[in-house]
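Let's have the full structure, built from the sequences with the hints guiding it.
Protein chains in written order, with full-length UniProt numbering: chain H, 1 to 327; chain S, 1 to 502; chain F, 1 to 233.
Note that these hints are calculated values from the structure, not bench results. Any given hint might turn out to be false.
Below, in silico cross-link-like pairs of lysine to any residue (SDA-like), each with a Cα-Cα straight-line distance of 20 angstroms or less [what the hints assert, rightly or not]:
(1) H:Lys-230 x H:Asn-128
(2) H:Lys-57 x S:Asn-368
(3) H:Lys-57 x S:Gln-312
(4) H:Lys-87 x S:Gln-312
(5) H:Lys-87 x H:Asp-111
(6) H:Lys-41 x S:Gln-472
(7) H:Lys-57 x S:Pro-365
(8) S:Lys-208 x H:Gly-194
(9) H:Lys-41 x S:Ser-309
(10) H:Lys-187 x S:Asn-109
For clarity, every value in this text was computed on a predicted model and none was experimentally measured.
Chain residues, written in single-letter form:
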Amino acid sequence: MTKGFIIAAGLMAATAATAQDNVLTVYAPDYITSEWGPGPKIEELFEAECGCDLQFKPGDLLPRILLEGDQTEADIVFGLNTDVTKKARETGLFAPHNVDLSPLTLPLEWDDAIFLPYNYGHTAFIYNEEKIANPPASFDALVNSDDDLKLVIQDPRTSISGLALALWVQAVYGDQAQAAWEKLAPKVLTVTKGWSESYGLFTDGEADMVLSYTTSPAYHIIAEEDRTKKAAIFPEGHYFMVELAAKVASTDVPELADQFMAFVLSEQFQSMIATGNWSIPAALQQDKWPEGFKELNLPEKVLFYSEDEAAELRDTAIEAWRTALSQ
Amino acid sequence: MAHRAFAIIAGALVALLTLGPVVAVSLRAGGVGGFAPGDWGAIRFTLTQAVISAGLSVLFAIPVARALARRRFVGRGALVALLGAPFILPVIVAVLGLIAVFGNNGIFNGLLRALGLPSMTIYGLHGVIIAHVFFNLPLATRMLLQGWLAIPSERFRLSAGLGLRPWAAYKVLEWPMLLRVAPGAFAVIFVICLSSFAVALTLGGGPKATTVELAIYQAMRFDFDLARAASLSLVQLVLAVVAGVGALALARGDGFGSGLDRVVMRFDAGRFGLALDTLWIMLAALFLLMPLALVAWNGLAGLPMLSASVWQAAGHSMSVALGSTLLCILWALPLATRRGELIGLLGIALSPLVLGTGLFLILRPYINPLSVALPVTAVINALVSLPFALRILRPEAEAIRQDHARLSAALGLTPWAWVRFVYLPRLRRPLGFAAGLTAALSMGDLGVIALFADPDRATLPLHVYQLMGRYQMEAAQGAALLLLMLSLGLFWLFDRGGRVNA
Amino acid sequence: MLELKGLHLKEGDFDLRADLGLRAAGRYAVIGPSGAGKSTLLDAIAGFRPLVSGAVSWNGQPFTDLSPAERPLAMLFQDNNLFPHLTVDRNLALALRPDGGRIGAEGREKIAQALADVGLAGMGGRKPAQLSGGQQSRAALARVVLQERPIMLLDEPFSALGPALKAEMLDLLAKVADRLQALVLIVTHDPNDARRFAPETVLVSEGIAHAPQPTGPLLDNPPPALAQYLGGA
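Shown next, in the form of structure tokens:
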């Protein structure tokens, strides 16, 4: 055991971080930085371009930035969602990106001076067409479908996609959101803390439909050549989910940070991000998308609340969900 | 006395490491906050599920441990070792395993349907409890089994010699042992269940199953309301301490005195007892091993998909596990007293999120918290395992002190000689079990590393989550199987080391 | 000379007082009704029990404030005289080196001699559980021999043995005590043990440990409390 501990101590000690001038520190969630995320590819591409050292620091983005304040080491924060932009903006910790937004190919107008989108998707219920021949053709059909249809969703209090669902229902049903949730309640098999648990239950065959993203089938098509997983498209519209990058105002390498922000919308980055992050590139014409993405069922109508609207509706939307599902 | 000084230092460290982070978080928040409307409901649900889960875990553990204590059969050792497994699996993997058995499309419902019976759903309060019993029954069983093995065989011989009827023997020998061991086991499991969150939510089926820990998570990571997180985590601490004080007050009773070390032989089981024992062992094995078998089965396909980095993660996990084991044992030895055990409970009572955030705030001015991710994880894992180690060690540590203190004092043994020649050797069996549990526990623990994660320092459980987060469910199940095997291996090695006859 | 001066012990509502002196190299039995405080008296002398007041001294040197191991005495208990997980050799080595240190050739020689003295030659490698009851008592006695203290306190050490074995052990004890020139104080409930082993006896009854008196006359003509305890014997 003593020997084991010495080895352990040695491994732990081998962690000295060196500070350099030419280092761009990027905070990102660990689904980005992990081996299977786009992080390693981003690092490779950008380092080739800038001749610098890009270092990812994974972890919770906003809590960490808020804890660190202007003492933060971060130069870039990568992987924010619209549900936190309001709070992030209010900290005053972020600087304008100064990137030309005209190349954006988002399904809606985007003119935010601070938060720069790099990919997007929409909330959607995914099903296996071998099991469900006739999926609900609309949100209303889903709400009114037979109670035997089992859904797994995520908790809006602990998960970004869960919150997006609550806002989606709010956007579709408005004042009637709670009533809609009450009809949905018997079909909700269970609620999970995060997306991974839900998706695991779905792939294990425990549930018929899972709350996920319109882009999820792309993974199955490209990585597994499996075309049975489909997103149910509803004419009422789907909630828009976008991932964002921002430049930290206190950065000590502002030129590098600017260079990175511009790089995010470059074609090089954009053509990589689709399969890197399994999302739709934010600034790439559809004909340049990877093959699997061109097959995706995408909604005609996109629903989205601005950060101010979302902040106002958030508590109402979550409360409607909580009340209806607690009965 | 030297021993006392060590105990005070060890106790102070625990208090510092648990209360320090809460203070750091509340200072940062500028005080503790109030509660939201849903919070009282969350506290109520948390208490309800924790009381029922801990109660049933201990209750079912009694016949199972008793059966294991007096039966010798092929594979008993393997079964006892496997019993540690549910406890050490990453939550998400264990939940998927449970659902594969008890879920809508699980084996159990398949069986019901085949028999033409109506199917049952696992989602609800009962699901939460089934899951918690699944996680904790093995722990309770091992603690009670330890208690049974601590009854010297001379006592059983005596009762057989007196011709005591089973019930009388039970009342004389086993009931006092249960009174001593069971409340402590209840307390530890109660406190574990207090901080349950992902399991409770997933199997609870929705927001009805909101626990305090979920509210802390929400406050911390979603609302960034540190004040509310701090106050909720204080509520959790208070509940745990109350449970701990209550259990320790209940767990009175003396040790059994020392016997000369002979193999436990029981003379009191008739044919009916034999059948009953067999039934209990089979039921427990079925309940605990089926989900594990499915985890293993599902993982087989994923094993070849694992990349080289899984080994790096496994290496990190092993070093963290060994480091925390050593630390935890060093920590536990001086604290294996009544007061020490109470202090030790603080470790699991505090929400890992608050713990991690508090440590982050404390460490940040001095060092980059990421660069110490693994040592911090090792310390936290040791802290979190401390209550289990103490629960396992304390009864025997006290018995040793009671039985051998006079002889040692008469000989004038130095503290070092006492520890080396009496305390440690006599404590070997529980020490091996405690070390095995700690090692396995910190292999499987995700708690704090998720906050301090770094791609180059990922541990195996984090690796599993990262794979799942990227659609790679099969590979994730493969990594989970690897984790299960490594944890079990470590557990088995330590536990076995403690049981081999010198 | 072992002196107990104004000794006062208390446990609950039970009191025990003693004021007496015992000669060096003398052999004494301690006898009295059950619960009179015989073991309590020995525990107090050995330092396992705090005194309310009074002092104990050896040859004029008080040792009331010393820990059990620092006192000039060795004690044999009713049970738990050996660590069950250690071999007899290891047990005896701890008597020589309480810090657990290594035993040199001289120490090994001493241990072998002590074992031979008690008739256990060659049995040092066994664990206590592998010995018979009589052999366990012998091993424990060897431990006391090795401690080489001028006072030996024995608290019914052989009560579990049969009469023949017990007589044998008492003779062995006498031999050992003679060689060490040790004062022996032995608690017993068997008047025959007292007659056989101890010329003088300390009677403990009604809260008092009386000064030693010749064993024969005391047992031939016991005071009422002792007479009742001894019954027809």
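Going through the hints against the structure:
1. Straight-line distance between C-alpha atoms of Lys-230 of chain H and Asn-128 of chain H comes to about 6 angstroms, which keeps the hinted pair within the 20 angstroms bound.
2. Taking the CA atoms of Lys-57 of chain H and Asn-368 of chain S, the gap is about 11 angstroms. The hint holds against a cut of 20 angstroms.
3. Of the supplied pair hints, the one linking Lys-57 of chain H and Gln-312 of chain S holds, its CA atoms being roughly 18 angstroms apart against a limit of 20 angstroms.
4. Distance restraint check for Lys-87 of chain H and Gln-312 of chain S: the Cα-Cα separation of roughly 37 angstroms exceeds the 20 angstroms cut-off, and the hinted pair is therefore not satisfied.
5. The suggested pairing of Lys-87 of chain H with Asp-111 of chain H holds, with an alpha-carbon distance near 18 angstroms, which does not exceed 20 angstroms.
6. The suggested pairing of Lys-41 of chain H with Gln-472 of chain S holds, with an alpha-carbon distance near 18 angstroms, which does not exceed 20 angstroms.
7. For the given pair, Lys-57 of chain H sits about 17 angstroms from Pro-365 of chain S by alpha-carbon distance, which is consistent with the 20 angstroms threshold.
8. At roughly 17 angstroms between alpha-carbon atoms, Lys-208 of chain S and Gly-194 of chain H fall within 20 angstroms of each other, so this suggested pair holds.
9. Among the hinted pairs, Lys-41 of chain H with Ser-309 of chain S is consistent with the structure: their alpha-carbon atoms are about 16 angstroms apart, no more than 20 angstroms.
10. Note on Lys-187 of chain H and Asn-109 of chain S: the hinted pairing holds, with a Cα-Cα distance of about 18 angstroms set against a maximum of 20 angstroms.
The structure does not agree with numbered hint 4 stated previously, though it agrees with all others.
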